[in-house]
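Using the sequences plus the hints, can you model the full thing?
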Amino acid sequence: MSKKKRRFKGGEIPTSSMADIAFLLLIFFLVTTTIDMDKGLGIVLPPEGDTIEIRKKNILNCLINSQGKVLLGGDPVETKNINRLVKQKIQENENLIISVKSHEKTRYKDYVAVIDQLKRANAKRISIAETGD
Amino acid sequence: MQFNRKIKLESDIPTASMPDIIFMLLIFFMVTTVLREYSGLPINLPKAKRIEKLKSKRHTTHIWISKEGLISIEDKLYSIKDVRHVMYDKRSSDPQLVVSLKSDEEARMALVSGIHNELRKADALKLNYSTKTAVD
Numbered sequence: 248m249s250k251k252k253r254r255f256k257g258g259e260i261p262t263s264s265m266a267d268i269a270f271l272l273l274i275f276f277l278v279t280t281t282i283d284m285d286k287g288l289g290i291v292l293p294p295e296g297d298t299i300e301i302r303k304k305n306i307l308n309c310l311i312n313s314q315g316k317v318l319l320g321g322d323p324v325e326t327k328n329i330n331r332l333v334k335q336k337i338q339e340n341e342n343l344i345i346s347v348k349s350h351e352k353t354r355y356k357d358y359v360a361v362i363d364q365l366k367r368a369n370a371k372r373i374s375i376a377e378t379g380d
Numbered sequence: 039m040q041f042n043r044k045i046k047l048e049s050d051i052p053t054a055s056m057p058d059i060i061f062m063l064l065i066f067f068m069v070t071t072v073l074r075e076y077s078g079l080p081i082n083l084p085k086a087k088r089i090e091k092l093k094s095k096r097h098t099t100h101i102w103i104s105k106e107g108l109i110s111i112e113d114k115l116y117s118i119k120d121v122r123h124v125m126y127d128k129r130s131s132d133p134q135l136v137v138s139l140k141s142d143e144e145a146r147m148a149l150v151s152g153i154h155n156e157l158r159k160a161d162a163l164k165l166n167y168s169t170k171t172a173v174d
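Residue numbers (our numbering), protein chains in the order written: chain F, 248 to 380; chain U, 39 to 174.
Calculated directly from the structure, the hints in this document are not laboratory data.
Keep in mind the model is a prediction, meaning the values are calculated, not measured.
Heads up, the beta-carbon is just placed ideally off N, CA and C, and yes, glycines get one too.
A hint or two may mislead.
[Claimed, not checked] The calculated DSS-like cross-link candidates involving lysine-lysine, where the alpha carbons are at most 25 Å apart (straight line), are:
1) 348/F to 85/U
2) 327/F to 140/U
3) 356/F to 170/U
4) 91/U to 327/F
5) 105/U to 352/F
6) 95/U to 46/U
7) 356/F to 119/U
8) 46/U to 356/F
9) 371/F to 119/U
10) 327/F to 286/F
11) 95/U to 286/F
12) 286/F to 46/U
13) 128/U to 348/F
14) 105/U to 119/U
[To be verified] Estimated spans, in silico, between C-beta atoms of each pair:
15) 367/F to 112/U: 46 to 54 Å
16) 277/F to 126/U: 36 to 44 Å
17) 262/F to 172/U: 49 to 57 Å
Quick look at the structure:
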């Protein structure tokens, strides 16, 4: 028995398809790169131990109860109307500070909805009170 | 008058270096692709309309609050009392720190308010309520 010896032709890696492979990888990474910026409602908390006396007429109290019902300046309002009402009140008084106070058991969803409404009314001065019973 | 073309211009784009260019791009995208660093807690973010984008990822720390009231920072669970210490360390190493609060929409405000207080004590005052974009 004899083995045939194959003639060695010299090994070469085909480079013509390399560009295609690299392109494929490139497209894969292009697609999977998610430049997902976090987004949300920005707010700046007051520094610790910082209490300022504010005149009563410049404060608009906004209370949220545990069911998500909102009391704006003493009147019960629908959440979606806050935007309009606050806009009016800011026009009347530029120095208006909206103090948002929620019940301990208020759901975060309702609170965020109120803050969102205030933001849409372009309220710059929002104060967040501690939760109460 | 007749125009004669005297010189024959070579009009081929050299393709020999194309793989190199593409590899360069590939490496760029591989390096810049940031896979999610922390998995956090399973939450349902609330929706809001007037949202703003957080400027840089590098200066952002996330606090997750689940429906059950668990607090997670960088995949470790903390009780509310410890948030202050964790955030104080972060705040002192990065003055530009922005805290992104990723809270479940069913979380109670008592806890969120507690976080507010802790953040105030830690002097981390820039806060962002992480939300989804609401559609009309």
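The hints, checked one at a time:
Straight-line distance between C-alpha atoms of residue 348/F and residue 85/U comes to about 20 Å, which keeps the hinted pair within the 25 Å bound. A distance of roughly 23 Å separates the Cα atoms of residue 327/F and residue 140/U; the hinted pair therefore holds under the 25 Å criterion. Using a Cα cut-off of 25 Å, the hinted pair residue 356/F and residue 170/U holds, with the two alpha carbons roughly 11 Å apart. Among the hinted pairs, residue 91/U with residue 327/F is consistent with the structure: their alpha-carbon atoms are about 23 Å apart, no more than 25 Å.
Proximity of residue 105/U to residue 352/F is assessed by CA-CA distance (about 12 Å); at most 25 Å being required, the pair is judged to hold. Distance check on the hinted pair: residue 95/U and residue 46/U sit about 54 Å apart at the alpha-carbon level, beyond 25 Å; violated. As the CA atoms of residue 356/F and residue 119/U are separated by approximately 24 Å, the hinted pair is consistent with the 25 Å bound. Distance restraint check for residue 46/U and residue 356/F: the Cα-Cα separation of roughly 72 Å exceeds the 25 Å cut-off, and the hinted pair is therefore not satisfied.
Our distance criterion of 25 Å between C-alpha atoms is broken by residue 371/F and residue 119/U, whose separation comes to about 30 Å. For the hint linking residue 327/F to residue 286/F, the alpha-carbon distance of about 21 Å falls within 25 Å, and the restraint holds. The hinted pair formed by residue 95/U and residue 286/F meets the criterion: a straight-line CA distance of about 11 Å does not exceed 25 Å. Taken as a hint, the residue 286/F and residue 46/U pair is broken in the structure, with Cα atoms around 57 Å apart against an allowance of 25 Å.
Distance check on the hinted pair: residue 128/U and residue 348/F sit about 28 Å apart at the alpha-carbon level, beyond 25 Å; violated. Of the pairs offered as hints, the one joining residue 105/U and residue 119/U holds, with about 19 Å between alpha carbons and a cut-off of 25 Å not exceeded. Look at residue 367/F against residue 112/U: about 33 Å separates their beta carbons, and that is not inside 46 to 54 Å. Distance hint for residue 277/F and residue 126/U: a CB-CB separation of about 40 Å, consistent with the stated range 36 to 44 Å.
In this structure the supplied range 49 to 57 Å holds for residue 262/F paired with residue 172/U, their Cβ-Cβ distance being about 52 Å.
In summary, the structure is inconsistent with hints 6, 8, 9, 12, 13 and 15 from the numbered list given earlier, while agreeing with the others.
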